[in-house]
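Protein chains in written order, with this note's numbering: chain X, 21 to 188; chain U, 2 to 84.
By construction, these hints were calculated from the structure, which means they are not laboratory data.
In this text, all values refer to a predicted model and were calculated from it rather than measured experimentally.
For each residue, glycine too, the CB sits at the ideal point set by N, CA and C.
Where hints are given, some of them may not hold.
Short derived list, chain U residues pointing at chain X, Cβ under 10 Å [claimed, not checked]:
#1 Lys18
#2 Arg19
#3 Glu21
#4 Asp22
#5 Leu23
#6 Gln27
#7 Tyr32
#8 Asp34
#9 Ser37
#10 Ser42
#11 Ala44
#12 Arg57
Computed list of lysine-lysine pairs in BS3-like fashion (alpha-carbon distance at most 30 Å, straight line) [claimed, not checked]:
#13 X:Lys139 with X:Lys175
#14 U:Lys20 with X:Lys24
#15 X:Lys175 with X:Lys78
#16 X:Lys139 with U:Lys29
#17 X:Lys78 with X:Lys30
#18 X:Lys30 with U:Lys20
#19 U:Lys18 with X:Lys78
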Amino acid sequence: MATKQLIQIKVNGRNREAMVEPRLLLVHFIRNIPGLTGTHVGCDTSHCGACTVVLDGKTVKSCTMFAVQADGREVMTVEGLATNGALHPLQEGFRQEHGLQCGFCTPGMLMSSYVLLQKNPSPSEEEIRWGISGNLCRCTGYQNIVKSVQFAAAKMGQGEKHDLPDIA
Amino acid sequence: MTCRTSPEVGGMSHPIKRKEDLRFIQGKGNYVDDVSCPICSMAIWCGVPTPTRAMRSRISPAEGRCEAVPFAALWPTQGDKIG
Numbered sequence: 021m022a023t024k025q026l027i028q029i030k031v032n033g034r035n036r037e038a039m040v041e042p043r044l045l046l047v048h049f050i051r052n053i054p055g056l057t058g059t060h061v062g063c064d065t066s067h068c069g070a071c072t073v074v075l076d077g078k079t080v081k082s083c084t085m086f087a088v089q090a091d092g093r094e095v096m097t098v099e100g101l102a103t104n105g106a107l108h109p110l111q112e113g114f115r116q117e118h119g120l121q122c123g124f125c126t127p128g129m130l131m132s133s134y135v136l137l138q139k140n141p142s143p144s145e146e147e148i149r150w151g152i153s154g155n156l157c158r159c160t161g162y163q164n165i166v167k168s169v170q171f172a173a174a175k176m177g178q179g180e181k182h183d184l185p186d187i188a
Numbered sequence: 002m003t004c005r006t007s008p009e010v011g012g013m014s015h016p017i018k019r020k021e022d023l024r025f026i027q028g029k030g031n032y033v034d035d036v037s038c039p040i041c042s043m044a045i046w047c048g049v050p051t052p053t054r055a056m057r058s059r060i061s062p063a064e065g066r067c068e069a070v071p072f073a074a075l076w077p078t079q080g081d082k083i084g
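Using the sequences and the hints given, assemble the complete structure.
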């Protein structure tokens, strides 16, 4: 067994310390140490994006990153989006525009969209689709996810909501 | 089909906005992989006909028939906060 080492990661603004094996994946650190199970393990191969979190302002797929690589850095997960019980505009968008069904990919979608809107407050439909292209959804067909991100961009006062055709 | 009721009344032919489960957009969904019960050695899944049910009693090894510590879960959900 490899020697454990002490790491400290700031998760959603709160420092979390733990002795971990170097092989421990970041997603397992997030799920097991602070117990934040909103970050999901979908494919374990970096394809699906369900494990997407924000690391120092950039999206990473936490199932293909070791926790020790995040030592001393700051992580934001889906649990950190809402503030004081108020939903983030993206969460509100996913709710209003029905950007989810089973909800498994949703945390990853939210985090990718969060960084997208940080970088590009007024993305076009194509830019949104590129922005979430690392996240797979097997329920919605993406249409309502795109509308949800547009809703958030509009609500944040940083963009216009574009009309997309309704789907059943 | 012609609507025979007002939108306020609702009913047949009036579209109903789907209510989303708020847990899913806040990372509070409870999927199988999220169940954590280190002392459990077996699981019992109970299907229920409605989405909101609560466990009224627990199965304990002391009550017999089972030496292992069971984990019992209701499916689909308990105490949902759909809205």
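Quick rundown of the hints versus the structure:
1. At its closest, the beta carbon of U:Lys18 sits 8 Å from a beta carbon of chain X; the interface hint therefore holds under the 10 Å criterion.
2. Here the hint on U:Arg19 is kept, as its CB sits about 6 Å from the closest CB of chain X, short of 10 Å.
3. Residue-level restraint check for U:Glu21 holds (minimum Cβ-Cβ distance to chain X is 5 Å; threshold 10 Å).
4. The beta carbon of U:Asp22 is positioned within 10 Å of a beta carbon in chain X (closest approach about 7 Å), and the interface hint is therefore held.
5. The interface hint given for U:Leu23 is met, as the beta carbon of that residue sits about 7 Å from the closest beta carbon of chain X, less than 10 Å.
6. Of the supplied interface hints, the one on U:Gln27 holds, with its beta-carbon coming within about 6 Å of a beta-carbon of chain X, less than 10 Å.
7. Proximity of U:Tyr32 to chain X holds as hinted, the smallest CB-CB distance being about 7 Å (cut-off 10 Å).
8. Checking U:Asp34 against chain X by beta carbon gives a least distance of about 6 Å; that is within 10 Å, so the hint holds.
9. Here the hint on U:Ser37 is kept, as its CB sits about 8 Å from the closest CB of chain X, short of 10 Å.
10. The criterion of a C-beta within 10 Å of any C-beta in chain X is not met by U:Ser42, whose closest approach is roughly 19 Å, and the hint is violated.
11. Interface restraint check for U:Ala44: the shortest CB-CB distance to chain X comes to about 17 Å, outside 10 Å, so the restraint is violated.
12. Interface restraint check for U:Arg57: the shortest CB-CB distance to chain X comes to about 26 Å, outside 10 Å, so the restraint is violated.
13. Simply put, X:Lys139 and X:Lys175 have alpha-carbon atoms about 16 Å apart, close enough for the 30 Å limit, and the pair holds.
14. Taking the CA atoms of U:Lys20 and X:Lys24, the gap is near 46 Å; set against the 30 Å cutoff, the hint is violated.
15. For the hint pairing X:Lys175 with X:Lys78, the CA-to-CA distance comes to about 22 Å; that is within 30 Å, so the pair holds.
16. For the given pair, X:Lys139 sits about 27 Å from U:Lys29 by alpha-carbon distance, which is consistent with the 30 Å threshold.
17. Distance hint between X:Lys78 and X:Lys30 is fulfilled; the C-alpha atoms sit about 15 Å from each other, no more than 30 Å.
18. For the given pair, X:Lys30 sits about 34 Å from U:Lys20 by alpha-carbon distance, which is inconsistent with the 30 Å threshold.
19. Restraint check: the Cα-Cα separation between U:Lys18 and X:Lys78 comes to about 35 Å, which exceeds 30 Å; the hinted pair is violated.
Violation of the numbered hints given earlier is confined to hints 10, 11, 12, 14, 18 and 19; the remaining hints are satisfied by the structure.
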